[in-house]
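Engineer: If you want the building blocks of each chain, they are given just below.
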Amino acid sequence: MAAPASAYKDRQFLAVIGDEHVTSPPDSQKNFLVVDSKTDNAAIEEAFDRFTTERKDIGILLINQHIAERIRHRVDTYTAAFPALLEIPSKDHPYDPEKDSVLRRVRRLFGE
Amino acid sequence: MSESSMASAISLSDEIDGLLARYLHLLDVYTQLKQDLSTLQASVGRSQRRRCMATSRTNLVVQVHQHLARANFSAERGIRYGQDLYDERMQASRLCSITPTASAVDFAVCQPPQGAQTEANPADRDAPLPNPQKDPIRMFGILTPQSLRVAQSEAIKAVEDIIPKILSTDAEMKEVEIKIRRGRKHKAKAEAAEVKQAMEEQRAPLMT
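Heads up: the sequence lines are chains F and B, in that order. The numbering of the first sequence is numbering that gives the first Met the number 0, which starts it at 0 and goes up by one. The numbering of the second sequence is numbering that gives the first Met the number 0, which starts it at 0 and goes up by one.
Mixed in with the good hints, there may be bad ones.
Lysine to aspartate or glutamate pairs mimicking EDC-like chemistry, simulated, CA-CA at most 20 Å apart [as the list claims (entries may be wrong)]: (1) Lys173/B / Glu86/F; (2) Lys178/B / Asp16/B; (3) Lys98/F / Asp27/B; (4) Lys173/B / Glu44/F; (5) Lys29/F / Asp134/B; (6) Lys98/F / Asp169/B; (7) Lys188/B / Asp13/B; (8) Lys156/B / Asp35/B; (9) Lys188/B / Glu200/B; (10) Lys173/B / Glu97/F; (11) Lys98/F / Glu44/F; (12) Lys156/B / Glu86/F.
Rather than coming from a laboratory, the hints here were simulated on the basis of the structure.
Chain F with its partners taken away, still in its complex shape (with noise of 0.2 Å):
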């Protein structure tokens, strides 16, 4: 693995960006945010800067895919390794193979 040790070693926390029903408990700094029809995409990039860049100690970002479907440009250029970023689906919107991350960059492998 290339990333050094200093890259993820104080990387403990998980945070989460989904609607209220995925959000997890806050910490001194609140590790969550919740997204209802109200909250605008503005938040929600903010919230993903803020968990991606800004804070150090964020080992894993946890997202509802519909609201990742919101913020679509950022979260498909963000590279980093540290925190890893994992869409989840959610109540009203059932895992969509085709908007997975994952398998979109499995079908740029291959070409397609």
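Once you've looked at the hints, dock chain B against the given chain F.
Structural biologist: Same frame as chain F, now just chain B:
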């Protein structure tokens, strides 16, 4: 084509084939884990399972949400198990750890060791600390409904078991992808060099 360049082209092809086989295996593991995550909660109760099969088999949190909906349905008037009841003093009850492996990195999510949870809020340090292993479900009351507890245990299973496995698989897939692309590049370069060499060899007798 010289023998050595032919041998190197074959060995590169073999290497890429091996990497592709590994990649496809990882892809299979990944899709299986995603499937597990989608149907994880379908293991909770027969009636729930039947209903789940009838409606949707591919939703991550179908059962968690159904249990949550049941808990809300049976809750006292005005009570809704959601963010309104979040306790602001709550601290992380699951931590992740990342360890390097030979192929990529390994993700794990587990409960923090006793006493390690107290670093969260500096403002609370002087206040008497609650039991560090306090169950977060307590913030919804002492007598929480069974369905809420089932929803919690299912969510824990997803976070502790399947999600770290998916992330570890994804990390390894990324590493293998890099190696495949690198191998293809080397192969393309070797082939181009061979073509060039062959053309030069053809041209050489004409020059003399």
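Engineer: None of the hints should be skipped; say for each whether it holds.
Structural biologist: Tested hints:
1. Lys173/B / Glu86/F: holds, 16 Å
2. Lys178/B / Asp16/B: Cα-Cα ~11 Å, so holds.
3. Lys98/F / Asp27/B: holds, 17 Å
4. Lys173/B / Glu44/F: violated, 24 Å
5. Lys29/F / Asp134/B: At roughly 19 Å apart (the allowed maximum being 20 Å), Asp134/B and Lys29/F satisfy the hint.
6. Lys98/F / Asp169/B: Judged against 20 Å, a Cα distance of about 16 Å means the pair holds.
7. Lys188/B / Asp13/B: holds, 16 Å
8. Lys156/B / Asp35/B: Measuring from Cα to Cα gives roughly 11 Å; hence the hint holds.
9. Lys188/B / Glu200/B: Holds. Lys188/B to Glu200/B sits at ~18 Å (cutoff 20 Å).
10. Lys173/B / Glu97/F: holds, 19 Å
11. Lys98/F / Glu44/F: holds, 19 Å
12. Lys156/B / Glu86/F: Holds, at about 17 Å.
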